[in-house]
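Trainee: In order, the protein sequences belong to chains A and B. This note's numbering puts the first residue of the first sequence at 1102, with every later residue one more than the last. This note's numbering puts the first residue of the second sequence at 598, with every later residue one more than the last.
Honestly, I wouldn't trust all of these hints.
[As the list claims (entries may be wrong)] Computed list of lysine-lysine pairs in DSSO-like fashion (alpha-carbon distance at most 27 Å, straight line):
{"#": "1", "chain 1": "A", "residue 1": "Lys1186", "chain 2": "B", "residue 2": "Lys705"}
{"#": "2", "chain 1": "B", "residue 1": "Lys911", "chain 2": "B", "residue 2": "Lys980"}
{"#": "3", "chain 1": "B", "residue 1": "Lys740", "chain 2": "A", "residue 2": "Lys1286"}
If you're looking for bench data, these hints aren't it; they were derived computationally from the structure.
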Amino acid sequence: MAKNKKKKKDPRVQLVSLYKKYVTTSGELPHSIKDLMRFGDLDFKDFKKHFKNLEELEAAIVLWYFQCADDILQGDKEAKSWDQKDRHAAFLYLLVEQASPDELFLSEFVAEKRKSPSFMKSFAMTLNAQSFKSLDHHGKSAEMLSSIGLNPKKTALTNHALSVLWFYTFDSSADKQDTDAFIEKTSDLLFRLTDTSTLTSMFDLGKFMISRKNTAFSWS
Amino acid sequence: MKKNQDKIAVSKLGRASKLANAGAKVGSNYIKHYAKRLVNKGSKEELDQDNAKDVYKAFSELKGGPLKMAQMLSLGDQLLPKAYTDQFAQAQNKVTPLSYPLIRKTFKKEVGQYPEDIFKRFTKQAVNAASIGQVHKGSINGKDYAIKLQYPGVADSLKSDINMVAPMAIKMFGLKKSEVAPYMEEVESKLLEETNYEQEMSNSHRIISQCGSLKNVVFPEFMPKLSGKRVITMSWIDGQGLADWIKTDPSQKQLNKMGQALWDFYQYQIHELRFMHADPHPGNFIVTPKGDLGVIDFGCIKEIPSDFYKSYIKLLQYGNEMGSKEFRSALIELGLYNPSAPSKERQLILSTFPEMFELVGRPLLQDSFDFSSDDYFKEIYQKGEALSRNSDMRGLSAQGSKHFIYFNRTYFGLYQLLNQLKANINTSNVVMKRPLKKSA
């Protein structure tokens, strides 16, 4: 009979679990690494081997939601035929679904971290630096801008996803229906605001007129 | 093709400012009106039209509660000038669709599986949209189904919208808060009921099980296993919406048949069941290829309390004898007449109401009625408009039973549908079973 080998758990995952347990048990975020490690009866060095500080661990938790949502959506055959707006909305619903078991942690995290704009800024930058396929934006204008190191739509989509998580933690409606409504309304708005098709058509016409050197509308 | 509005008022503040904006526009319309009047150019009708356009625009951009109220007001409530009802009549079927991921998520949550796991075909785009939900079409083993999904947060939005709209409506239409409070409560509770899909399933069962034998009326089959709090699945009824069907120029015989089916459906509920489908707008009815009337929405059901019913019938019966004891006792029972009110008020009631009740009850008191007669409807509107502009009517100590709201809404809605159909129908079935005529 084959020996039942136990897989060793990733120590980073163990630390994340410990962190979440701390929050749900004490109802607050740990104030220091010492606090957390004492709670888990672990050594301070064990933490330092894997994370620089608590904020890095906290960011990893939220990043994990993004990663899971991205993986699920990328593996969903049905979603492949959807347009970008629907895929983005689907990503947001999955993101909320991933985060929902950790609602208490997330609420504490948001309540605490919103007091610290510098953390929020660096956290948003960390998120933007990740390559989640679901948040990639394709199209002519995106290609042009990415060649000079810019992807404003991706940044907007990532920040939007973050705002959804924030909204979710403040949502006291039945079945979190307001979060669904928030996703619907803000996605619609975001895609309207970032819709550059009119601009592209204008450039296209301009290019056409210039390239043809047509003087039909020139009176000089 | 998707129809989208340019922007949506997201927050409560945004929604409030949208309404405040409408209020400001109404204010400026009044200024324009009085300025025009100085040079004898502005008419009251023009002012009503300008105000109605602005109020409708704000309401329709907000959807939810205001849209629903706009729909209700469009159903011929004679409290409003005709210009308002014309504008509000546009309120039907104008909303931004839900994204497919939310449809899929909601369906999975309520039913346990994704739509594509159950239906061989499922339309990703809504085939119809209303104020609180949208409809998709799916098929299983060659049989088609209508799947109705509710917009998220509708119940909360309704509550907050009513709270915002009520004070504005009170101000705009010159009403007193304490007087309209019971009516607002009635409207709020009914609107909230419409957001309860489980309640709608039970309503549908109640009506279908008792109206199933009515001639030329058909109902969908509801699927409880594919339904939930925010999803209702029912068999698809083929056909055209009533309004679209009318545009196809059907024969008078077909129009009369449809009108008769509608009439029978409502009279049976009112006079036999004492509860009724209280949302008679064209979007809730379908004309099948066989020429039957399909009833497809059961969200709004009104119970008719027995004492209210009896008094109402008495009022119709004695409408032409305002001096009679019976007529006065019916007015008192229905909260329309206060015997201890000043004599001026009592005289006003006794000189106005018999005419109104005779008008409403006229089709019921005859063996047949030709609803194509626009004169009848003009008479209703003119009398209603005169009534609403009579400032003495606003200070009455007796305000009437709250049940009048949905009862009148249903009757006027039905009459309007019959007028659109230009139907000439047999109305004697009510008279025979319920002796509305004193001689009967």
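Trainee: If a hint holds in the structure, say so; if it does not, say that too.
Mentor: Hints versus structure:
As the CA atoms of Lys1186 of chain A and Lys705 of chain B are separated by approximately 20 Å, the hinted pair is consistent with the 27 Å bound. The suggested pairing of Lys911 of chain B with Lys980 of chain B holds, with an alpha-carbon distance near 22 Å, which does not exceed 27 Å. For the hint pairing Lys740 of chain B with Lys1286 of chain A, the CA-to-CA distance comes to about 34 Å; that exceeds 27 Å, so the pair is violated.
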